[in-house]
Amino acid sequence: MTATGIGASVRRTEDHRFITGKGQYVDDINRPGQSYAVFVRSPHAHATLKKIDISAAEKAPGVLGIYTGDDLAADKVGGLICGWLIHSKDGSPMKAGAHPALAQGKVRYVGDHVAVVIAETLAEARDAAELVAVDYDVLAPCVDLAKAQANGQPQVHAEAPNNTVYAWHLGDKAAVDAAFAQAKHVTKIDLVNNRLIPNAMEPRAAIGEYDTGQGGFTLYTTSQNPHVARLVLSAFNGIAPENKLRVIAPDVGGGFGSKIFIYAEETVCIWAAKKVGRPVKWTADRTEAFLSDAHGRDHVTTAELAMDADGKILALRANTKANLGAYLSTFASSVPTYLYAPLLSGQYNIPAIYCEVDGVYTNTAPVDAYRGAGRPEATFVVERLVEVAARQLGTDPAEFRRKNFITSFPHETPVIMTYDTGDYDASMRKALEMADYANIGKRKAESAKQGKLRGVGFSAYIEACGIAPSKAVGSLGAGVGLWESAEVRVNPVGTVEVLTGSHSHGQGHETTFAQLVSHRLGIPIEQISIVHGDTDKVQMGMGTYGSRSGAVGMSAISKALDKVVAKATKVASRCMEVPETEVDFTDGVFSGRGTNKSMAFGEVALQAYVAHKFDSSEIEPGLKEGAFYDPKNFTFPSGVHIAEVEVDPETGVTRIDRWTAVDDFGILINPMIVEGQVHGGIAQGIGQAMLENAVYDANGQLLTASYMDYCMPRADDLPSFDVAMTTTACPSNPLGIKGCGEAGAIAAPAALINAITDAIGHENLAMPATPQTVWRAVQKAPSKMAAE
Amino acid sequence: MYAFDYHRPATVHDAQGLLKDGAKLLAGGQTLIPTMKQRLASPSAVVDLGAIGELRKIEQNGNALVIGAMATHAEVAGSKTVMSALPGLAGVPGAIGDPHVRNSGTIGGSVANNDPAADYPAAVLALGATVITSKRQIAADNFFDGLFTTVLGEDEIITALSFPLGAKFGYAKFANPASRYALVGVAVAQRGSEVRVAVTGAGSNGVFRVPAMEAALAKSFTPAAITSVKADASGLMSDIHADAAYRANLIGVMAKRAVEAAA
Chain A
32 MTATGIGASV
42 RRTEDHRFIT
52 GKGQYVDDIN
62 RPGQSYAVFV
72 RSPHAHATLK
82 KIDISAAEKA
92 PGVLGIYTGD
102 DLAADKVGGL
112 ICGWLIHSKD
122 GSPMKAGAHP
132 ALAQGKVRYV
142 GDHVAVVIAE
152 TLAEARDAAE
162 LVAVDYDVLA
172 PCVDLAKAQA
182 NGQPQVHAEA
192 PNNTVYAWHL
202 GDKAAVDAAF
212 AQAKHVTKID
222 LVNNRLIPNA
232 MEPRAAIGEY
242 DTGQGGFTLY
252 TTSQNPHVAR
262 LVLSAFNGIA
272 PENKLRVIAP
282 DVGGGFGSKI
292 FIYAEETVCI
302 WAAKKVGRPV
312 KWTADRTEAF
322 LSDAHGRDHV
332 TTAELAMDAD
342 GKILALRANT
352 KANLGAYLST
362 FASSVPTYLY
372 APLLSGQYNI
382 PAIYCEVDGV
392 YTNTAPVDAY
402 RGAGRPEATF
412 VVERLVEVAA
422 RQLGTDPAEF
432 RRKNFITSFP
442 HETPVIMTYD
452 TGDYDASMRK
462 ALEMADYANI
472 GKRKAESAKQ
482 GKLRGVGFSA
492 YIEACGIAPS
502 KAVGSLGAGV
512 GLWESAEVRV
522 NPVGTVEVLT
532 GSHSHGQGHE
542 TTFAQLVSHR
552 LGIPIEQISI
562 VHGDTDKVQM
572 GMGTYGSRSG
582 AVGMSAISKA
592 LDKVVAKATK
602 VASRCMEVPE
612 TEVDFTDGVF
622 SGRGTNKSMA
632 FGEVALQAYV
642 AHKFDSSEIE
652 PGLKEGAFYD
662 PKNFTFPSGV
672 HIAEVEVDPE
682 TGVTRIDRWT
692 AVDDFGILIN
702 PMIVEGQVHG
712 GIAQGIGQAM
722 LENAVYDANG
732 QLLTASYMDY
742 CMPRADDLPS
752 FDVAMTTTAC
762 PSNPLGIKGC
772 GEAGAIAAPA
782 ALINAITDAI
792 GHENLAMPAT
802 PQTVWRAVQK
812 APSKMAAE
Chain B
593 MYAFDYHRPA
603 TVHDAQGLLK
613 DGAKLLAGGQ
623 TLIPTMKQRL
633 ASPSAVVDLG
643 AIGELRKIEQ
653 NGNALVIGAM
663 ATHAEVAGSK
673 TVMSALPGLA
683 GVPGAIGDPH
693 VRNSGTIGGS
703 VANNDPAADY
713 PAAVLALGAT
723 VITSKRQIAA
733 DNFFDGLFTT
743 VLGEDEIITA
753 LSFPLGAKFG
763 YAKFANPASR
773 YALVGVAVAQ
783 RGSEVRVAVT
793 GAGSNGVFRV
803 PAMEAALAKS
813 FTPAAITSVK
823 ADASGLMSDI
833 HADAAYRANL
843 IGVMAKRAVE
853 AAA
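Protein sequences, first through last, are from chains A and B. Take the first sequence: its position 376, counted from the start at 1, is 407 in the numbering used here, and no numbers get skipped. Take the second sequence: its position 195, counted from the start at 1, is 787 in the numbering used here, and no numbers get skipped.
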């Protein structure tokens, strides 16, 4: 291997341009003749659009065009789609209302798109937007998820009676009922998984452009998956055929899921570029981001765990209402179903599981995938249940988990997953040691002397990553396959360009993907370039989300590299006049076994292009190979996080004293980047558990629409993290990678709430556990550890 | 932001002359500029006080610490003069916002804006400071007049704040986790037999004093003296971050901590 190969903590090569201000984000791009779009948004959560009067706005200085839903309809621009069809338990398909890019007839949440104003300057567009007079007939909104399905509630879409998009289920109800009937102990808990707003550092942005000469469109957009955007804009919105539609997602400053989706704004910008005959640029301001980025989480769940007399888990039952918001975003339907319920077995041997999920419309912003997407919600259910069960049984929470861990693999869960490998007890043992769990009693006593309450909480999480085997997800309703593509282009002097369908928006692919190539071809990473994010350069790809780009994207590169090496071996064999079977390739050098003949990789590349030394009817000149890789299974990263906190009972302030994370991500390409992903994920998970909360009032107004009210984690909210790894290589992909991008966000909330409840002697506590929430709990006597 | 005229006068007198027809003073801009960017404020003109050097002075003047209205939070927090004359005061601007805010925002701007969650009003009221304006001198007790409101006239400019010396002063702030403004901030000052306790962040009518705590602390200037003095929750703000009962609790806790910190 080279110094820049697999396993080396290489510094991120892309960071130089980011930290010196040379990144090229969408808003940094300016096109000749560019105009600016401002969206007129609904100030009401629910209203009928009686009239949109643009007469005054049209006359305002600099205005180039003002369009409404009627104009999109007249041009037959299709609505936004949801790409995953869920069927209810009665077999009926989900009931979805239309999702036009600009509202038609009704608005359904505060921030819904009513009209677009395009003008010479941003200030002129804003001025004119204020002159668009919209006559609303305000309707009562449906805001409260818990009540949304009740009779008599305002109906968000006529297509979905009682606001129910689907009533889905997974698992064996009869088996679960039977197990509960014979259980010696049942633990029941009510949980709310709070709504979050993604808050990528870079807000969403788009530039649409139409070239009258070529008759083609270009869209610059903040996307995690530009090819999927092109597919949808072409096949469903009908903007242009794919060969006349180029989508570029340049540097993107964070996504966390929120930039997977195809939104109204980019759809309108690219369509309108042809209407006004000018490039049209839109960049969200932060308030627009709060209002209209797809939000995350927002579940209400009742969950139960059945155990036998020995504390062995017999069954798990969960009933969840999932808020989908006012419209179905691109993958909204899959998040609380197939990305959630299949993870309810956690790390445990649970013979029977049954989960019901109702997907519910409300007059709030659409909800879709956000870092972890369904899996944090599942882990929160399992790890809170297990913790409370252990306390009720008077068993040490770590021991209770160990007693119920899955220990043999492959393991088929009752919720359609087959875990391939893992060693859960190894992670637990290591975490207990690192966290000095043996001495927690002493530390609790010391805190008590200072008038503080100390607690410790565990989260033994599992996630399903490497999304996903195409045939399997197709059978579950996905509209697309979830393979990945790669092309490895070797230049004549041996430098390499890798074209990938993955998209980097902070993950460091330009470094880690190059490390794989460096490792395999024996060349330094300086000679390797990673190309992504442009549909004119990379033919097709599925993008980056669900911790898939190592396990799936790099596996595609690995497959293409196999082909490159195979062909280069042929060329080397002819050049060295050594039989192919006797050519070895090690550390970037081809050599003839038992001879003193050798050629460096670059020399072979040159020979492949000059094509003097082989018969080109037998071997094609050139050295360029492509591959599509479709995963055989999900991957199953897992680990144990232990949070230790100290609560000030006077104020309810929780100080996180220690955080131990032991994760099994399989083989690591760049341990430094992996550790960074763990840190970021934990920070987001702590954000959910203690700080972040999207709050709508009863009228559907978003009360947390700025950083004055929406609390993002800051450095001083976080402890230093103790991070370590255990390793079981993933058997289903060639690199043994499992994925690490979401683990922290999945593990952290349960660990933290378990720790705080341990400190204050309560069973349950709502997220976010703000100082007020904790203080209020402390005022009450510790809750009874009552069992049913 | 809507269009507006911009002035940068060299003297207070010139600035005062420009304050007409809905013109607004710019004294750091940490509230005004964001409000204008969001199109929530649309002054006809902005009169920037940034070029008036005399407004930045920080000096000890006999028995008073006089801080120019345009002294930034960072300048006050880092001032040796403040440290030696009234050491507890330096921590007040030191806890405001972030470095960007502290290097732009000013004491005069903060006091004139009278945000109910701002830190300075509590210190000004507890220390019994005098607000010196282009027209008169106003005692702190008479200056603040409800949310975002003061007794300042349309064309009146704060030029300095004068803090009498010889007080033990402490400030304890419980920051709103999101905005880091004061959810509750309590300033406590003891001067001879007089104790003043001022609370920011909590009152639905802005900064206020707590006579019951002042009386208890006048008898014994110790945290224990106010353990049993419960702050009244009526008249306190309730919002998504904290309700009145929690704020009332925090007033008690922060008051004790301010007494502990008083120097």
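To be clear, the hints were calculated from the coordinates, so they are not data collected in a lab. Being a predicted model, the structure only gives us computed values, none of them experimental. Be a bit skeptical, because a hint or two may be false.
Facing chain B, from chain A, some residues (calculated, C-beta under 10 Å) [unchecked claim]: (1) G683; (2) C742; (3) P750; (4) F752; (5) D753; (6) W806; (7) R807.
Idealized CB from N, CA, C, for every residue including glycine.
Hints versus structure:
The criterion of a C-beta within 10 Å of any C-beta in chain B is met by A/G683, whose closest approach is roughly 8 Å, and the hint holds. Evaluation of the A/C742 hint against chain B yields a held restraint, the C-beta minimum of about 4 Å falling below 10 Å. Interface restraint check: A/P750 against chain B, minimum CB-CB distance 16 Å, threshold 10 Å, status violated. Residue-level restraint check for A/F752 is violated (minimum Cβ-Cβ distance to chain B is 20 Å; threshold 10 Å).
Because the smallest distance between the Cβ of A/D753 and any Cβ of chain B comes to about 24 Å, over 10 Å, the interface hint for this residue is violated. With a cut of 10 Å, the hint placing A/W806 at the interface with chain B holds, because the nearest CB-to-CB distance is about 6 Å. The closest approach between the C-beta of A/R807 and any C-beta of chain B is roughly 7 Å, which is under the 10 Å cut-off, so the hint is satisfied.
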